[in-house]
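The whole structure should be built from the sequences, with the hints applied where relevant.
Residue numbers (this note's numbering), protein chains in the order written: chain A, 8 to 570; chain B, 8 to 570.
I should point out that these hints are in silico values taken from the structure, not numbers from a laboratory. One should not assume that every hint holds.
Pairs involving identical chains hold if they fit within one copy or between any two copies, as the list cannot separate such chains.
[Stated by the list, open to error] The calculated DSSO-like cross-link candidates involving lysine-lysine, where the alpha carbons are at most 27 angstroms apart (straight line), are:
hint	residue 1	residue 2
1	K27	K193
2	K458	K415
3	K176	K258
4	K258	K193
5	K258	K145
6	K193	K82
7	K415	K358
The structure displayed is predicted, hence computed values, not measured ones.
There are 2 protein chains.
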Amino acid sequence: MAGLGEEELFNALASIVGGKCVSMVERDREVYSRDMWPRLLIRRRQGGEIEHLPHAIVWPESEREVAAVVRLANKLGMAIIPYGGGSGVCGGAVPLRGGITIDMKRMDAIQSISREELVTDVQAGANGERFERELRAKGYTLGHFPSSIYCSTVGGWLACRAAGQLSTKYGKIEDRVVGLTFVTGKGQVIQTDEFARARRGPDWTQLIVGSEGTLGIITSARLRISPAPEITILRGFAFESVEEGTRAIRKVMQRGLRPAVVRLYDEVDTFINHVSVFESHSEEALETSGLCPWPEKGAGALPVLPSSEGDVPGTPPRARKGMGDKALRLGRRLGSRIKQGATAAALTRPKLVNSTFGALANSISKSGCKMIIGLEGPRLRTEVEAQLTFAALERAGGTDEGEEPGLKWLAHRYAVSYKMSPMFREGGFVDTMEVASTWERLPDLYESVKKAIGAHAVVMAHFSHAYADGCSIYFSFAGRADGLLETQNTYDAIWRDGLAAATRVGGTISHHHGIGLLKGQAMHGEHREAMTLFRALKNTFDPNNTMNPGKMGLPLHGEMKVL
Amino acid sequence: MAGLGEEELFNALASIVGGKCVSMVERDREVYSRDMWPRLLIRRRQGGEIEHLPHAIVWPESEREVAAVVRLANKLGMAIIPYGGGSGVCGGAVPLRGGITIDMKRMDAIQSISREELVTDVQAGANGERFERELRAKGYTLGHFPSSIYCSTVGGWLACRAAGQLSTKYGKIEDRVVGLTFVTGKGQVIQTDEFARARRGPDWTQLIVGSEGTLGIITSARLRISPAPEITILRGFAFESVEEGTRAIRKVMQRGLRPAVVRLYDEVDTFINHVSVFESHSEEALETSGLCPWPEKGAGALPVLPSSEGDVPGTPPRARKGMGDKALRLGRRLGSRIKQGATAAALTRPKLVNSTFGALANSISKSGCKMIIGLEGPRLRTEVEAQLTFAALERAGGTDEGEEPGLKWLAHRYAVSYKMSPMFREGGFVDTMEVASTWERLPDLYESVKKAIGAHAVVMAHFSHAYADGCSIYFSFAGRADGLLETQNTYDAIWRDGLAAATRVGGTISHHHGIGLLKGQAMHGEHREAMTLFRALKNTFDPNNTMNPGKMGLPLHGEMKVL
Chain A
8 MAGLGEEELF NALASIVGGK CVSMVERDRE VYSRDMWPRL LIRRRQGGEI EHLPHAIVWP
68 ESEREVAAVV RLANKLGMAI IPYGGGSGVC GGAVPLRGGI TIDMKRMDAI QSISREELVT
128 DVQAGANGER FERELRAKGY TLGHFPSSIY CSTVGGWLAC RAAGQLSTKY GKIEDRVVGL
188 TFVTGKGQVI QTDEFARARR GPDWTQLIVG SEGTLGIITS ARLRISPAPE ITILRGFAFE
248 SVEEGTRAIR KVMQRGLRPA VVRLYDEVDT FINHVSVFES HSEEALETSG LCPWPEKGAG
308 ALPVLPSSEG DVPGTPPRAR KGMGDKALRL GRRLGSRIKQ GATAAALTRP KLVNSTFGAL
368 ANSISKSGCK MIIGLEGPRL RTEVEAQLTF AALERAGGTD EGEEPGLKWL AHRYAVSYKM
428 SPMFREGGFV DTMEVASTWE RLPDLYESVK KAIGAHAVVM AHFSHAYADG CSIYFSFAGR
488 ADGLLETQNT YDAIWRDGLA AATRVGGTIS HHHGIGLLKG QAMHGEHREA MTLFRALKNT
548 FDPNNTMNPG KMGLPLHGEM KVL
Chain B
8 MAGLGEEELF NALASIVGGK CVSMVERDRE VYSRDMWPRL LIRRRQGGEI EHLPHAIVWP
68 ESEREVAAVV RLANKLGMAI IPYGGGSGVC GGAVPLRGGI TIDMKRMDAI QSISREELVT
128 DVQAGANGER FERELRAKGY TLGHFPSSIY CSTVGGWLAC RAAGQLSTKY GKIEDRVVGL
188 TFVTGKGQVI QTDEFARARR GPDWTQLIVG SEGTLGIITS ARLRISPAPE ITILRGFAFE
248 SVEEGTRAIR KVMQRGLRPA VVRLYDEVDT FINHVSVFES HSEEALETSG LCPWPEKGAG
308 ALPVLPSSEG DVPGTPPRAR KGMGDKALRL GRRLGSRIKQ GATAAALTRP KLVNSTFGAL
368 ANSISKSGCK MIIGLEGPRL RTEVEAQLTF AALERAGGTD EGEEPGLKWL AHRYAVSYKM
428 SPMFREGGFV DTMEVASTWE RLPDLYESVK KAIGAHAVVM AHFSHAYADG CSIYFSFAGR
488 ADGLLETQNT YDAIWRDGLA AATRVGGTIS HHHGIGLLKG QAMHGEHREA MTLFRALKNT
548 FDPNNTMNPG KMGLPLHGEM KVL
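Structure below.
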């Protein structure tokens with residue numbers, strides 16, 4: 008802290024944001040020591056000490072205050088950690104060098120909603136769910152529905168190029184942003200284009216989007232909104248295999264049809280979802296986890312969970328066409344054991360469990376992969392497009408399973424984020440790896456990453472966020488080992504091997520969760536020469552390496568060395 | 008040239024690209040002294056001396072050669088001017104400090120067309136029309152149809168964020184690009200993401216797109232393609248006023264309908280088009296102009312102009328509803344006089360001509376503004392969308408004028424680029440100014456810029472390239488003064504006043520022609536603090552200011568000074 012005492016630091020910060028909006032107390036520093044990165048949750052559950060604490064947390068209320076704090080940090084040689092909802096899953100908000108965490112949640116105003124241009128101006132700290140709710144009340148939607156929507160912010164979305172569940176229609180958050188205001192690592196306030204289509208010269212909006220706080224802090228954004236949909240049409244389909252299902256998605260996308268959501272679950276994910284392995288009461292999970300720190304001011308933005316009527320214990324799984332009774336009973340028993348806390352034995356033998364699930368899934372002779380598909384928008388056009396889409400899926404081998412699977416998905420669509428806690432309580436862990444590639448490489452990517460993860464953990468996957476040129480794969484995995492050190496090693500091995508497999512077959516290391524600390528090393532393998540660009544940009548925006556140091560594969564210490 | 012003699016420079020370049028692919032002869036240097044910037048055409052027609060000549064021109068055939076030439080230029084302290092089709096209209100290819108012009112047209116391979124991903128890999132020097140023709144032969148389209156398509160290149164499009172006539176459906180070229188290979192100002196070869204949706208971290212593709220050769224040279228690109236449309240539906244509509252017509256476009260766009268093309272001509276543009284002021288035989292115009300230098304190797308890519316059957320002299324203009332005979336006769340006489348070379352008198356009194364045309368246009372009691380609208384794509388969906396679109400236009404006050412105006416536009420859609428020559432021969436000039444803004448500011452932008460230009464030249468406008476949040480306005484103007492100096496002063500005054508008016512009302516200075524030399528000063532008024540970003544980027548990509556110096560508002564001489 009450049010020789011500055013604690014009191015002097017507090018006073019210096021208080022002179023900028025006011026004494027009530029600075030904290031240096033232990034409890035707050037602990038809360039802000041991490042985000043939702045599972046590796047940190049493992050440490051917390053298993054009694055590992057906290058490795059990195061911020062020196063102070065501030066809650067500024069204006070760009071001017073943010074800029075002043077950044078300039079102070081530069082003067083003191085301290086780091087700045089931008090902080091939104093704290094819902095990131097890659098360690099992006101971990102204060103590796105200590106420093107000052109800037110929590111943006113007081114800057115949460117929806118400044119304007121323009122009927123004339125279909126855009127909205129919103130501050131970076133705005134909570135996702137409240138923001139969408141207020142847009143809906145006026146007849147609009149942002150169309151951005153990440154499963155973290157109850158505890159993530161607009162600034163966080165932009166910082167890591169987030170995708171919502173309906174991204175296939177509305178685009179990722181980067182496709183919704185028209186312009187930004189942000190504070191550079193030098194403390195300058197910069198406003199980028201407010202009318203994106205007026206683009207001339209390099210696009211600096213898209214330079215800041217995705218930089219995860221390493222170049223500056225986003226303080227507000229202008230985003231595109233759409234008229235709220237008149238109708239939503241949801242449907243379940245079943246396919247024989249991943250190959251058949253992904254080919255069907257590709258055909259739909261390449262014909263220019265734009266479903267809002269397409270999710271194809273692989274055989275194991277389909278199977279597991281039927282026996283509800285990870286099922287638990289969402290409310291309980293959330294209470295227990297104590298995650299997602301939200302300040303008192305944000306009380307109105309506290310998570311309001313979606314209805315969970317489908318979660319009632321004892322509800323029998325729907326019988327599945329062609330699925331043998333024996334396989335169903337075996338699967339149900341295995342799933343049930345895992346669910347009842349008997350996870351330890353299962354998860355320490357991941358290869359066995361994977362092959363058992365695999366065999367069970369294969370024993371389902373037909374319709375092994377479920378798909379959820381939904382379209383929304385103006386009535387007539389959506390109806391026409393739905394008919395064309397469903398017909399295309401049937402032609403591609405899909406079996407229409409009616410509306411119910413879609414409605415069930417919709418009712419629980421945010422629940423997954425709150426279902427992680429019990430597994431950590433049991434000494435295990437759950438995490439997700441979202442990779443992506445072109446259609447051509449997708450089968451390779453799927454098999455390679457599944458195999459790499461499967462050596463260490465129980466793994467399943469679904470395909471979502473589809474494009475004309477490719478698709479994302481979302482792997483979910485659960486693992487366990489004995490003791491903190493061993494568990495961490497297992498966790499690290501999964502990511503090391505999984506990302507290496509993705510890079511090897513030309514897939515990418517992230518689709519919408521960002522890079523953070525978790526995938527920093529893998530950035531080099533993926534970007535190669537282009538990483539010199541990133542270092543060069545870092546050097547110009549943030550020459551003292553003040554902003555979120557050590558993330559995204561950039562150095563932790565010292566000034567930036569270029570090329 | 009750092010003390011290097013001509014022969015030494017030639018030999019140094021020849022050792023990289025081979026002696027046949029270097030030229031230092033006067034005639035070539037003159038050809039490469041300019042692009043299609045009208046200010047330079049004025050000078051040429053009126054005997055002004057050439058102000059800036061390159062020292063040498065090279066035609067490399069690989070990235071490796073491009074990189075070696077850039078490194079040589081760095082060593083010699085010489086500038087590099089990237090050159091595509093030479094069809095730019097802002098002076099972006101003018102060698103302000105001399106140096107080495109790198110003509111990319113030998114690097115014109117279409118490297119792959121992927122059915123699996125709907126993408127194509129193409130080298131930067133590929134000619135637009137040939138590229139689209141080859142895609143069509145395989146059942147695809149890029150969807151990018153600039154009026155310069157016969158004499159512009161893929162690299163040039165990307166360098167200036169070009170828009171094609173069907174951009175409302177297919178997007179600007181920046182929306183079609185998945186990844187790039189480019190050579191930085193230091194001579195490094197960088198490949199950006201090849202699967203755009205895998206985006207993580209800053210988007211360096213969009214950083215290079217639009218940089219007009221100031222940061223590096225684009226050598227190849229991966230672009231999205233679409234299935235060739237099954238049908239195209241074209242229609243003419245008439246609206247009472249610009250206000251009514253633009254409101255109708257906004258409604259269509261905000262309902263999520265996506266016509267491929269929408270063009271609304273203001274009263275004067277509608278009127279002038281009826282009396283064919285700028286009509287001339289396209290072939291003749293092109294021959295006369297001697298513009299668009301294309302190397303012999305590209306013979307197969309020589310402009311093949313669209314049929315011009317509508318251009319037959321004596322074809323009477325269609326009678327217009329509600330248009331008085333007297334007004335029509337007066338307008339026809341005025342237009343005809345201008346057409347027959349009697350432009351001098353008219354164009355030196357622009358305010359009078361503007362007010363006369365304005366009055367004539369206003370005397371047309373109804374349906375004063377024509378609109379061309381077209382949709383294309385798969386049969387069923389396009390038919391449904393066309394019905395919804397046409398119904399929305401009628402509800403918004405439009406009168407359906409049938410298919411003919413649309414077909415006529417289609418037949419002549421590239422002709423405008425080749426109609427400039429006669430006006431220059433007469434000692435006058437023609438140019439276009441494409442600005443853009445949000446819907447809210449659009450009326451202000453239209454009136455302000457029209458007034459600013461109208462003080463110096465005869466002016467008309469059409470609205471095209473529409474978005475949910477705003478629209479571009481394309482002003483066409485023709486002027487004349489006595490002698491070169493006075494003509495240049497008039498020309499400069501138009502741009503100074505026009506761009507200042509655009510900036511004043513919150514419009515932008517360019518939509519798709521780029522910045523070049525012409526709009527460099529206006530960059531500062533428009534971008535304000537964000538220009539510090541651009542200078543910083545320039546400093547990191549091109550610290551010796553080798554790449555296209557003096558363009559886009561960046562300094563001409565010396566190394567870059569940052570912030």
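How the hints compare with the structure:
In this assembly of identical chains, the alpha carbons of K27 and K193 lie at most 27 angstroms apart only when taken from the same copy (25 angstroms versus 50 angstroms across copies). Taking the shortest Cα distances, K458 and K415 never come within 27 angstroms of each other, neither inside one copy (30 angstroms) nor across copies (59 angstroms). For a Cα distance limit of 27 angstroms, the shortest separation of K176 from K258 qualifies both inside one copy, at 16 angstroms, and across copies, at 20 angstroms. For the homomeric pair K258 and K193, neither the shortest alpha-carbon distance inside one copy (48 angstroms) nor that between copies (43 angstroms) is at most 27 angstroms.
In this homomeric assembly, K258 and K145 come within 27 angstroms of each other (Cα to Cα) only across copies, at 18 angstroms, whereas the closest approach inside a single copy is 36 angstroms. Proximity of K193 to K82 under the C-alpha cut-off of 27 angstroms is restricted to the intra-copy arrangement: shortest distance 10 angstroms within a copy versus 32 angstroms between copies. Taking CA atoms no more than 27 angstroms apart as the test, K415 paired with K358 passes in neither setting, with 31 angstroms inside one copy and 67 angstroms between copies.
Hints 2, 4 and 7 from the list above are not met by this structure, while the remaining hints are.
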